[in-house]
Amino acid sequence: MKHFDIALIGLGAATMSLAVRLVLRGYPGSIAIIEPREQPGDDRTWCGWRLAEHPFSAHATRTWSTWAVSDGGQSVIRGSTRTPYEMLRASTVQRQALDAIATRPDWALYAGRSLISAEMDDTRWMLQLDDGRSIIADRVLDSRPPALTLKRPWVWQSFVGRELVGADLPDDSPVRLMDFLDDPTPLLTFVYELPIAPGRRLIELTRFAPQRPSLSALGARLDGLLADRGLADHTIAREESSHLPMTPVPPYNQDGWMRVGTAGGSMRPATGYAFHGIQRWADDCADALMAGRSPVAPARRSGMDWLDGVFLESLWRHRPAGTAGTPFVQLFERTPAESMVRFLMSRPQIADIYRILRALPPAPMLQAALAHSRQAMD
1 MKHFDIALIG LGAATMSLAV RLVLRGYPGS IAIIEPREQP GDDRTWCGWR
51 LAEHPFSAHA TRTWSTWAVS DGGQSVIRGS TRTPYEMLRA STVQRQALDA
101 IATRPDWALY AGRSLISAEM DDTRWMLQLD DGRSIIADRV LDSRPPALTL
151 KRPWVWQSFV GRELVGADLP DDSPVRLMDF LDDPTPLLTF VYELPIAPGR
201 RLIELTRFAP QRPSLSALGA RLDGLLADRG LADHTIAREE SSHLPMTPVP
251 PYNQDGWMRV GTAGGSMRPA TGYAFHGIQR WADDCADALM AGRSPVAPAR
301 RSGMDWLDGV FLESLWRHRP AGTAGTPFVQ LFERTPAESM VRFLMSRPQI
351 ADIYRILRAL PPAPMLQAAL AHSRQAMD
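Residues in the sequence shown are numbered from 1 upward in steps of one, following UniProt numbering.
No wet-lab data here; the hints were simulated from the structure.
All clues stand as given, with none of them false.
Calculated pairs, EDC-like style, for lysine to aspartate or glutamate (alpha carbon to alpha carbon, straight line, at most 16 angstroms):
1) K2 to D121
2) K151 to D378
3) K2 to D106
4) K151 to D305
5) K2 to D138
6) K2 to D131
Using the sequences provided together with the hints, build the complete structure.
Following this line, the structure appears as structure tokens:
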């Protein structure tokens with residue numbers, strides 16, 4: 001039975017980010033990676049503002065210096081040359097991680113295998129795979145998504161995307177972060193667009209709702225929107241879809257078993273951004289392991305969680321037909337771009353938080369703050 005210092009469960013953003021750093025830094029320990037898929041997929045993209053360089057920066061599919069938010073006839077365009085918005089394909093990140101892992105003969109990748117049971121034996125974990133093999137690991141970092149039931153104000157962010165190919169698709173427009181639709185379903189629905197390259201564009205339909213909607217129904221609505229825009233005949237090069245829990249996921253780190261990535265609370269509850277927060281965690285965790293210490297769990301800022309809850313509660317209360325995007329348009333219109341970016345990426349300065357709060361109507365936000373505080377105490 002093989003014995004490893006660390007077992008990584010799932011080849012997700014967190015485990016890949018940590019593995020690449022440990023290879024680059026010459027980590028002396030042995031690692032097992034258990035991944036149900038046989039080969040990397042191109043089933044998702046990771047986007048956000050690059051506040052700092054990371055090991056995958058050079059492999060970004062594209063970066064943009066301008067972005068837009070629109071609702072009805074109103075559109076706000078903002079930008080920054082210092083802090084680009086970047087897109088990374090999952091397949092590109094996976095390939096870089098797999099190439100790095102392959103350089104370590106003392107590591108083992110169990111591709112196409114799932115973990116079916118785990119038992120602690122003294123201070124080590126006995127892990128049984130679905131092919132009958134068992135391995136031993138001193139520590140386990142688990143990136144599998146947890147089962148969650150969300151309560152107000154927290155919601156699911158569900159999306160379906162199509163990457164379209166067609167000669168009439170320009171790439172000179174800004175990233176369209178949110179183009180809000182009139183939708184009676186709580187809380188809101190919007191279109192997200194990435195002009196990737198000449199003749200190539202990713203268009204997603206995203207919904208914030210207390211229950212996870214049918215992805216097939218969401219996809220059918222997206223196809224209807226594409227038809228309305230004259231894009232129904234374009235080639236679909238790739239598709240992606242998912243449900244993201246917009247809630248503070250509590251960290252779990254007990255007896256050498258730690259949840260990481262979205263499962264460990266790395267995703268920003270009010271936005272769904274996770275990749276760049278994961279990069280910060282991977283740096284800290286790699287530092288600890290290289291120093292001979294235990295891996296560190298993803299860190300959360302309770303104050304930011306509270307602000308996220310207040311903002312989402314304000315959306316529950318701000319639901320007249322056709323006005324779902326108003327708070328977002330106000331935020332981007334009234335807040336300096338750099339402050340907005342730092343806030344969205346969970347790295348705000350005190351002045352940034354002040355500017356964010358000042359950009360929103362005070363009475364509705366105060367009501368939402370009081371309601372969210374009562375909910376938190378229940």
